[in-house]
Structure formats: structure tokens, C-alpha cells
Amino acid sequence: MVILDKLKSTIKGDLEVIDSEPDLLVIKIKNKKLIKKLAWQIKEEFDILYSLAVVDYSPDFELNYIFSNYKNAEILILKVNITEKDFAIDSITDIFNSANWEEREAYDLFGIKFNGHPDLRRILLPEDWPGHPLRKDFKVDDEIRNWTGLDLKF
Amino acid sequence: MEESNEFSYPGLYEVIFMKTEKFINTVLNWGRSNSLWPLTFATSCCGIEMMTFGATKIDSDRFGVLFTGDSPRQSDLILVSGTITKKMARRLLNVYEQMPDPKYVIAIGACNVSGGLYHDSYNTIEGIDRIIPVDVFVPGCPPKPEEFLDAVKVLQKLIKENRSKAQKNGNIGQA
Chain U
0 MVILDKLKST IKGDLEVIDS EPDLLVIKIK NKKLIKKLAW QIKEEFDILY
50 SLAVVDYSPD FELNYIFSNY KNAEILILKV NITEKDFAID SITDIFNSAN
100 WEEREAYDLF GIKFNGHPDL RRILLPEDWP GHPLRKDFKV DDEIRNWTGL
150 DLKF
Chain W
0 MEESNEFSYP GLYEVIFMKT EKFINTVLNW GRSNSLWPLT FATSCCGIEM
50 MTFGATKIDS DRFGVLFTGD SPRQSDLILV SGTITKKMAR RLLNVYEQMP
100 DPKYVIAIGA CNVSGGLYHD SYNTIEGIDR IIPVDVFVPG CPPKPEEFLD
150 AVKVLQKLIK ENRSKAQKNG NIGQA
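So the protein sequences, as listed, match chains U and W. Going by numbering that gives the first Met the number 0, the first sequence wraps up at 153, each residue one higher than the last. Going by numbering that gives the first Met the number 0, the second sequence wraps up at 174, each residue one higher than the last.
For the record, the hints were derived by calculation from the structure and aren't laboratory data. It cannot be assumed that every hint is accurate.
[What the hints assert, rightly or not] Heads up, simulated SDA-like pairs for lysine to any residue below, C-alpha to C-alpha not over 20 angstroms straight-line:
#1 W/Lys85 to U/Glu142
#2 U/Lys138 to W/Tyr121
#3 W/Lys85 to U/Arg103
#4 W/Lys86 to U/Lys78
#5 U/Lys138 to W/His118
#6 U/Lys138 to W/Val133
#7 U/Lys78 to U/Asp59
#8 W/Lys86 to U/Asp59
#9 W/Lys85 to U/Leu133
#10 W/Lys152 to U/Val139
#11 W/Lys85 to U/Thr147
#12 W/Lys85 to U/Leu124
#13 W/Lys85 to U/Ile143
#14 W/Lys85 to U/Ile2
#15 W/Lys86 to U/Val139
#16 W/Lys85 to U/Ile122
Please construct the entire structure, taking both the sequences and the accompanying hints into account.
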């Protein structure tokens, strides 16, 4: 794809190509601080963010940003690793609007902090829920089992 | 005045009063059991079966279960059909509290009986009898519309025999 050369020139060798096919490109970056700069570059070719998937390889967490475009129906998957020690990444909501709810979901179920997000609240679970349920170290214990949320004052 | 342990027959007025009260209660229960207006609280697939329950083939109108406009203020039966998540529990209780006494609850589907498919999950209420008193449970995933009809018949029998949860707890409202 044309965009590969552009991205490579932007971040200068810090980019690993995992899979490259005519209409599919899977790349991985090591430095998570580059995500915002890279998103601006991607915005020129790819106009939608389909999805943001998070995989738990404890203690590392892998974020998969899946982009696509209407023009050629190509798909670009961008992988970023973050560690549990520094559990935050820059938000790309101001570049791709659909990242808003995707990032809220990732925050809800995994607890990842997105710096610069306009409205980082839980999206699926109740606001005062204890814990982040899709993480591998989450256990359903009696506190979770008996939690009905009805002690909240309306 | 001496206390006596002797049995004394009730007087004429007491007998008339008791008979009248019993008669009035019977008439009230007959009226209540035959005009159950449901509030449909459908959250998932059991709600689809509930639509069939109200439609022409099963026709709940025959037993006075009339699907009029959904307002908790004018209904006395809540059909909870579908999974109740922990986020939904507050909303369910909020709706339930708005209904006037006496109110009856039918819990439909395996999720409302014990958690069903989502038993021991992190975000499901395992049986809604943890939050509100339930008169009739209908198991099944989802149950057939005929079973809804059976549940209504059972509830009508309970009301006529003064055995529903609302009557047991004394929440019968003003006659």
C-alpha cells in the first residue's frame, strides 16, 4: 500500500510490518507515544476507525486499532503494546470521532487510561462497579456475586 | 371484671361484619384476578415470546390481561421477561416502585429464575427474587407463549385464594 512508505518515513524505522497484502496491512509500533502523530498520517488515507480491540497478554496489553477507507475498502491494523506499569496511552478522539466510545469501552473493561479523552466514563457497566472484568486477573468472588447496586441513593 | 377462658359465640353484628368482609374480599379478589393489566418489561429474547402472548393466536385478552399502553402507574402486573443485568436492576426497581398496590410479579425465563446462561457471571442478577418479591416463576429459555398463559392462570388462582405475595405482605392498597 502507498501509505506504508509514508508511515515509514514519518517514524523512521520504529515500525514492524507483520502482514502485507493488497488490501490488508498489519503493522506494529513499539513506541506508544507515536500513536497520535501516526493517527494524523493515517487520517489522510483511511477515514474510519472500525474498532479498537484490546488483548490481554499479561503483563503486556496489546491494542489493535482497525482502520478502513470507503474508497478502496482497504484495512489497516495498527498494533500498540502497553505495559501494566504505565497503563495509559494518548487518546485519538480528536482525530477519529468514533474512537470516543471505543476508548470508553476499553477503559470500562480493561481499565486503560486514555490521556486527553473528553469524557472518560464507564460505558457498559454501572458507574460504581468494582474492577475491570475482561482482564485475566479478574475473579468473580462473593463481593461481585452479591453486588446488586441497590444500595445507591437515587 | 373477671377473665374467663370460656368460649363465647360471636354476636350477631360480628357475624354479619365478618361475613360482609369476607364477601367484599371475595368480590375484590375476583375483580383483581380478572383484570390484570400488565406492564411489559422486556429486555431480551423472552420479550419476543411475550409479543406472541399478547397477539391473536394465544390472545391474553381472554383472561383479562390487556396489553394497553405501557404505564407503570396504571398496571398491577409486571411481566419481567429477559436478563436483568446489574445496571438494569436499579431501573427495574424504579419502575416497580411506581406501580400502585396491589402489584404482582411474574418472572419469565431461566435468567430471571436463577441466572440461566449467565449464571455466575459478573454482571447478571441471579434470580430477580433477590430484588423484588415474585409470585410466579416461568422456567424455559425462552418459554413458550402457552406457558405465559399458564402462569397467568396460576396467578389468578393465587389471588383468588389470598396467597399472592402482595396479599401475604399486606400490601393490598385501599379498597
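Hints, one by one, checked against the model:
1. W/Lys85 to U/Glu142: holds, 13 angstroms
2. U/Lys138 to W/Tyr121: holds, 9 angstroms
3. W/Lys85 to U/Arg103: holds, 19 angstroms
4. W/Lys86 to U/Lys78: At roughly 32 angstroms apart (the allowed maximum being 20 angstroms), U/Lys78 and W/Lys86 break the hint.
5. U/Lys138 to W/His118: holds, 14 angstroms
6. U/Lys138 to W/Val133: violated, 30 angstroms
7. U/Lys78 to U/Asp59: holds, 12 angstroms
8. W/Lys86 to U/Asp59: Not satisfied, since the Cα-Cα distance of roughly 30 angstroms exceeds 20 angstroms.
9. W/Lys85 to U/Leu133: Distance of about 16 angstroms is within 20 angstroms: holds.
10. W/Lys152 to U/Val139: Judged against 20 angstroms, a Cα distance of about 39 angstroms means the pair is violated.
11. W/Lys85 to U/Thr147: holds, 6 angstroms
12. W/Lys85 to U/Leu124: Measuring from Cα to Cα gives roughly 8 angstroms; hence the hint holds.
13. W/Lys85 to U/Ile143: holds, 10 angstroms
14. W/Lys85 to U/Ile2: The given pair, whose Cα atoms are some 45 angstroms apart, is violated under the 20 angstroms limit.
15. W/Lys86 to U/Val139: Roughly 17 angstroms separates the two Cα atoms, so the pair holds.
16. W/Lys85 to U/Ile122: holds, 13 angstroms
In this structure, the hints that do not hold are numbers 4, 6, 8, 10, 14, in rising order.
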